[in-house]
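Engineer: Sequence:
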Amino acid sequence: MIDRQGRIVVVTGATRGIGRSLTDRFVELGHTVIGCGRSQDGIDELATAYDDPHRFSVVDVADWSEVERWASTALSASPPPDLLINNAGVINHNAPLWEVSAEEFGRVLDTNVDGSANVIRAFLPAMIDNGRGIVVNMSSGWGRSTSPDVAPYCASKWAVEGMTRALSQELPTGLAAVAVSPGVVDTAMLRSCWGESAATSPSPEAWAEHATDFLLSLNTTHNGESLSV
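Number 48 in my numbering belongs to position 48 of the sequence shown; there are no gaps in the numbering.
Don't read these hints as lab results, they were simulated from the structure.
You can take every hint at face value.
If you anchor each label on the Cβ, the simulated ranges turn out as follows:
no.: 1; residue 1: D149; residue 2: A77; range: 38 to 48 Å
no.: 2; residue 1: G141; residue 2: A199; range: 13 to 23 Å
no.: 3; residue 1: E104; residue 2: G162; range: 17 to 27 Å
C-beta atoms are modelled at their ideal positions from N, C-alpha and C, and glycine is treated no differently.
Produce the complete structure using the sequences and hints provided.
Structural biologist: Shown next as structure tokens:
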């Protein structure tokens with residue numbers, strides 16, 4: 001049985017794709033969303049669609065100072081999150097590893113790995129003080145397998161899997177950390193790899209219809225697991 005009482009949900013990368021669809025669905029179900037994204041237009045759109053108690057901010061999760069300010073402001077206005085979803089992510093342009101620039105490789109790792117760690121560092125102490133909460137780090141099939149031309153992305157998601165498992169061993173009773181692969185979803189990121197064939201996959205909106213229930217069902221018995229929607 002899923003507890004449908006209103007929860008505080010943090011969603012990074014909330015302005016488009018999976019993050020936007022999760023945000024819409026959580027709000028529809030009566031939960032409060034604290035979201036961030038890098039697009040000012042996207043944040044303005046969310047703020048117009050959903051007013052208080054929901055809060056949306058422009059944040060680059062790879063920038064610790066921005067994440068720290070965001071979390072401090074959010075935690076001063078609402079209780080600690082019950083569910084923290086590290087969804088923000090980027091992928092490299094398809095290319096063999098030796099053709100990927102140092103700057104692009106760093107951008108993928110900075111966002112997908114450092115960004116998740118920054119958000120955990122900013123919100124988790126308050127969750128620990130509160131005695132409960134679930135951290136979901138969005139992984140990928142490419143965090144458990146590999147393909148050519150996406151080595152930086154694979155490296156980042158394998159790192160997310162390891163980081164999540166280690167975190168799960170550090171958490172006190174009442175909290176859990178779970179790596180979740182969303183499966184194959186028709187997003188801009190997927191289209192950058194698969195082109196128009198991505199259209200055969202579920203849309204983010206269709207995916208979110210069942211993914212939100214899946215995420216809301218996670219509890220401490222799932223601590224340290226690598227799951228798929």
